[in-house]
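Residue numbers (my numbering), protein chains in the order written: chain B, 1 to 721; chain E, 722 to 1442.
Treat the hints loosely; a few may be bogus.
To be verified - Lysine-lysine pairs mimicking DSSO-like chemistry, simulated, CA-CA at most 30 Å apart:
| # | chain 1 | residue 1 | chain 2 | residue 2 |
| --- | --- | --- | --- | --- |
| 1 | E | K1082 | B | K520 |
| 2 | E | K1241 | B | K509 |
| 3 | E | K1070 | E | K1230 |
| 4 | E | K1230 | E | K1215 |
| 5 | E | K1230 | B | K520 |
| 6 | E | K1215 | B | K448 |
| 7 | E | K1169 | B | K520 |
| 8 | B | K398 | E | K1215 |
Stated by the list, open to error - Okay, the calculated bits of chain E under chain B, using three or more residues with CB under 8 Å as the criterion:
| # | segment |
| --- | --- |
| 9 | 934-943 |
| 10 | 1230-1242 |
To be verified - With the C-beta cut set under 7 Å, the calculated list includes, among others, these residues of chain B facing chain E:
| # | residue |
| --- | --- |
| 11 | T334 |
| 12 | K335 |
| 13 | L513 |
Just so you know, the hints here were simulated from the structure itself, not pulled from any lab data. Small disclaimer: the values here were computed from a predicted structure and weren't measured. A virtual CB, placed ideally from N, CA and C, is assigned to each residue, including glycine.
Protein chains: 2
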Amino acid sequence: MWKVSVNTFDPNRITHYGNQFLIGHLKIGVRGTLDEFEAEQKVGINLPFVYDQVSSGWREPVNGFNPLFTSLLINGEEAHMLHTPVISHVQELDMKKAMMTRTTIFQVQDIQVTLTSERFVSANDERVILGRYQITLNKNATIQIHTGVDAQIWDIYGPHIKDKKFKSGDYLYVSGLTIENEHQITCIKKVMTDVNDTLSDSIKDDKVLKHIIIHGQKDVCYHFDQYAIIGVDQSDESLMMKLNEIIHRGYENKRLEHQHIWENKWKMADVVIEGDEQAQLAIRYSIYHLLILSPHMYDVASIPARGISGQTYKGAIFWDTEIFMLPFFLNSDTKSAKKIIQYRINALKGAKEKAESYGFKGAFYAWESQEDGYDACTDYNVIDVFSNRPIRTYFKDKQIHISGDIVYAIKSYIERTHDFEILKEGALEVIIEVARFYLDYGKYHITKDQFEIWDVMGPDEYHERVHNNAFTNRLVKMVFDYILYLRDYYINQKDSFFEQAVTRYNFDKELLLIESLAPKVYLKKPNSNHLIEQFDGYFQLKNVELKYLLNQRIHQNEYLGGSGLAGDTQIIKQADVIAMMYLFRSDYQIKIMEENWQYYEPRTEHGSSLSSSMYALVSCLIGKPNYAYPLFMKSATIDMTGLSKEYTGNTYIGGTHPAASGGAYMTAIYGFAGLSFEKGIQVNPQLPSSINQIKFHILHHGKKYKISVSKNQSTIEEVQL
Amino acid sequence: MWKVSVNTFDPNRITHYGNQFLIGHLKIGVRGTLDEFEAEQKVGINLPFVYDQVSSGWREPVNGFNPLFTSLLINGEEAHMLHTPVISHVQELDMKKAMMTRTTIFQVQDIQVTLTSERFVSANDERVILGRYQITLNKNATIQIHTGVDAQIWDIYGPHIKDKKFKSGDYLYVSGLTIENEHQITCIKKVMTDVNDTLSDSIKDDKVLKHIIIHGQKDVCYHFDQYAIIGVDQSDESLMMKLNEIIHRGYENKRLEHQHIWENKWKMADVVIEGDEQAQLAIRYSIYHLLILSPHMYDVASIPARGISGQTYKGAIFWDTEIFMLPFFLNSDTKSAKKIIQYRINALKGAKEKAESYGFKGAFYAWESQEDGYDACTDYNVIDVFSNRPIRTYFKDKQIHISGDIVYAIKSYIERTHDFEILKEGALEVIIEVARFYLDYGKYHITKDQFEIWDVMGPDEYHERVHNNAFTNRLVKMVFDYILYLRDYYINQKDSFFEQAVTRYNFDKELLLIESLAPKVYLKKPNSNHLIEQFDGYFQLKNVELKYLLNQRIHQNEYLGGSGLAGDTQIIKQADVIAMMYLFRSDYQIKIMEENWQYYEPRTEHGSSLSSSMYALVSCLIGKPNYAYPLFMKSATIDMTGLSKEYTGNTYIGGTHPAASGGAYMTAIYGFAGLSFEKGIQVNPQLPSSINQIKFHILHHGKKYKISVSKNQSTIEEVQL
């Protein structure tokens, strides 16, 4: 169960295939489009963290030039997926090898043309794409191939690249500059072929192409290899040198090297599920999507919410990373986990500036974080389908839980790694500034003697500007408690580091206030029905059925949040109270969790890919893994099925959903296997009926363990690192 | 300058004429429609405070049956304003006599038909309408008159009356029951005429009619008189007795009696403006609209925001009454002023229930107050023109300044009357509960050491859910200060009343908290440009021009507030900071007021009729009465010109604007004449260039004064009560 494939082609699903067959790593994403496809088919050579803004459009990562563009003509007639009769077609992602292949048999005139191509993004190089292209005919015919670099780029808020320069010859070359910061984006490609027939090249229509004409013989396989390198602010010389080195190694050697690296990744990260092949494939697919996003290649980087699948969500980092993806890296790749934390340490400056811009002290982290913590989120993140005007949304200015999510991640990281050094590398300053921010944002309610947090947005984004969101308030309390815990920890250690930091950051008085307020942070208690209210007044909202609400829609893509249909009802976008219950699971009795699950689940649209996994996790906590199973499968297969929103309002939001992948991973490990660390490493199997056994490895406190969980027996065994 | 008239008829302005020529008093409003008009022409016999709700429609005051309906046929052909050629037409309101007349010369066939009718609502009776109807022909012809009671009622959210019963005969009778509370609404009419020609009657088409056929002679004036009484929960016997008494007095005697009462009203209330006839007419028109609304006839009543002109604004009482109308009654009719205060004392129960329903202590007064302080405001007060869905509005739940406005009114009333007894009659309890509410609603900001009020709506309703609205915060401070002032007052009086009340209402601890917090209520200070920010973050909003904003409208009536066009800009609906500056004028230097006026005025849509007068008043305070003049005229003539919004979203909001009338009165007296009481009775003339002199009477501390203000000389003279 290592391969994901389709054996039909539906032109309405081109966008989806682009996501489904995505390859790459965090420096470059290559969408799973076909060789002959162009900008209109959403070909994307995504360059994460190379952001650009054109006039007032959204700031988004740049797409580079496409070095895989290849068009094919047989006897002068094009063989193209969108125009030519197709006898058969298979597109496949081999997750084990991180390679994409396609095999299409076209009917051109009376000739059957078999086109096979494979591609991979070298795991051992910064931005290198390799591919092999093969043609076989069942009759003699003339084969014309135009292969090169396509500089027509699919952009959402572009075009982002100006001053394009083209060079043809042995090497096909395109280079240009981004608009905002004039980053130089370069693509150099070399085509290697045994074919001795006519070769020429051309530059036109934004493409630099090599033209190959072959007098094709029946049943002979003709092929060529493509070597391409993409540079960001790199000199042509260094790129040429690197490309030549790779060419010198040869296509097959590079492929072996790539596959070897991937084999090792899987050794640590794989989760084996026995008894349920679909679940096995789904969890592997989730892990694949996390593995391609490991931030280890960067000094400073984290994982964007749409990964490397394109420009949506502005290529920005959201809380998705800390809450839904970090757990995977904590188990399998501590260095990447640390990168995720370090990214936020580096972003502290931006978070402080953001807080200040709203008149608050401390650190208010970006909702959509780009370089240095710059918040790319606008105040208008959705377009109204009725008036075609931007809708004022509150993701940026009210979702203050983001700061607490980051502290939660730091706390988890330290608990799992015992790497207290990270506090000295800046993480303590992050915690201090987040605590300072919350102290300043919240207010003391005098007559109730409690600390309240008004005017926020919780995880459920359909309800804007609410007061005392249970999730947010719980995080605030956690931040306050954790800083007091750290104070005591360093006192016990007789280490003056904490005390010095408090003085350095002028936090003395605020710490005293926090000490007195921490017990007074208002936490919502279960009411007489054992329910925790999502925010003040939630239970007074209209209690309508989800189906009813969705039937009220006038326009399929209309925005449901804010002043939309859901805003004044109990219908929520995603797990909120239930997410809190998972994150703070030791606070709640099983009975309470169950009642709240039963109440909130039917009221949840699961309109965010972050939602299902939280419900799945809590299902396992309450001993109902069969409730969890469909939610797990939904999360794990979201990018395989493409069953997710591609538009909200009139805004395109498609792409991959690594947080759903991370959530699926969490469900398998923390839900089905019931892994926990509170009292040492423990498992508490909650296997759905279809699953017999789950096997995986984890890292904990610097050691590696092999874990096997089945219905009858579980083992936890330390193994060699 | 006592008469308002039109001498043309524009069928598109029928709704406006209905308001323009309104007569009545607070128990019954008779819209200024013509005799032959029906429901479709918005005939309205408005019955204030008789509220009714039909299914989920808005709860609104009921319209009664129309006893003035009269149709006219000449030689069998109808003479009707909408269908018949008209030679001339004059409709007139005589404000001195509170009577409406119309004279129309119809051309029917070759005959000129002169129809003259007059009507008045007897000032000496509870609900009595009298009218005289006269016909003259310039050729002999048959005159047919159908006059009676029309039970087809114009309703917005009706029909409100069921089980209608009709009786014909000497007396024409219609009676029915309201839906919600089964109030009995009755109308009995008698037609008195010298004409000895054929009389008959009929009941059909929801009308009970008397038919008069006259063999009309050239140049003879035929007339009849109409006597009608409307009952609300009154027995037929008592109504008949009353009606017969009135008939016995005779039409002309009743008219004299009515005019005499009105003469006396004007003696006290009139404002004489010399040098500017338009301003004279306009201020009289404003005063007329306040005089017809005096609540003296009720045990418990105040003045609805659309007066007695119809069902809009749900017939409810808003802050308009306390802030914009009370000043007129404080000067001219102390008993009515007291009724206004007593209405809110009676409404305290409703206000406490409202606070409790939102989880707050104390008294949160109704935004749209009906009986016993019931808040008729819904959470959806506007219909979106794009989706045709209700828009969630925040008038009801966030406009907390209403409670402070009421305390402001109580304070003003006591300052002007020295009637401290009202505190013992319930006003102190109101103040305590409002202070308790504010203490509970606001929060203490710990690091800034200040008391903040988040999540409110100020007078400017386009900006929803703002924090630290300057106006609201200032009112909160006033409430806290005033209760501390009253405590000290009673200590000085050696009167234990206050102390006992504090104990009775369990207010001891809260009073101590208020004492410590009163100096800490966050009041916005002028910034480096001398500007006071309307609320946190207002200056960061888009700074667009009003004209630009209005040009962005896709639909003429689209709602601009909330998520509408104005919500994220600095364009405001109405005076907010400027209203605060007027109410707390002694807090601010002239320079500060002027800079703020200059900043905010161009950013103000004046989309509420409450807006212009506040800008006019502050213009006078800064010595610029010529700025004030056009705003004064706009307020004073709003119901004469009809230049006000008739729709917001898809919701009809037309009717009269007594708060604008009150604001115009305030501008004349407190602005142009510069009347003040801070250091005894003083005037500070700020006369616009067109006005030479203003003369008026006021009551102060139980005495009556005659005041004359001119550019060179002013006099204040005590006169006999």
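For each hint, the structure was consulted:
Taking the CA atoms of E/K1082 and B/K520, the gap is about 20 Å. The hint holds against a cut of 30 Å. Taking the CA atoms of E/K1241 and B/K509, the gap is about 20 Å. The hint holds against a cut of 30 Å. Pair hint E/K1070 plus E/K1230 holds up; C-alpha atoms about 22 Å apart against a cutoff of 30 Å. For the proposed pair E/K1230 and E/K1215, the alpha carbon gap of about 22 Å is at most 30 Å, so the pair holds.
Between E/K1230 and B/K520 the alpha-carbon distance is near 20 Å, which keeps this suggested pair within the 30 Å criterion. The straight-line distance between the Cα atoms of E/K1215 and B/K448 is roughly 34 Å, outside the 30 Å bound, and the hint therefore fails. A hinted pair counts as satisfied when its Cα atoms are at most 30 Å apart, and E/K1169 with B/K520 qualifies at roughly 19 Å. Under the criterion of a C-alpha separation no larger than 30 Å, the hint pairing B/K398 with E/K1215 is inconsistent with the structure, at around 52 Å.
Taking a C-beta to C-beta cut-off of 8 Å, the segment 934-943 of chain E contributes 0 residues in contact with chain B, too few for the three needed, and the coverage statement is violated. Check on the segment 1230-1242 of chain E: 3 of its residues sit with their Cβ under 8 Å from a Cβ of chain B, so the three-residue criterion for coverage holds. Given hint, B/T334 at the interface with chain E, is violated; its Cβ is 37 Å from that chain's nearest Cβ, farther than 7 Å. A least Cβ separation of about 38 Å between B/K335 and chain E goes past the 7 Å threshold, and the interface hint is therefore violated.
Of the supplied interface hints, the one on B/L513 holds, with its beta-carbon coming within about 6 Å of a beta-carbon of chain E, less than 7 Å.
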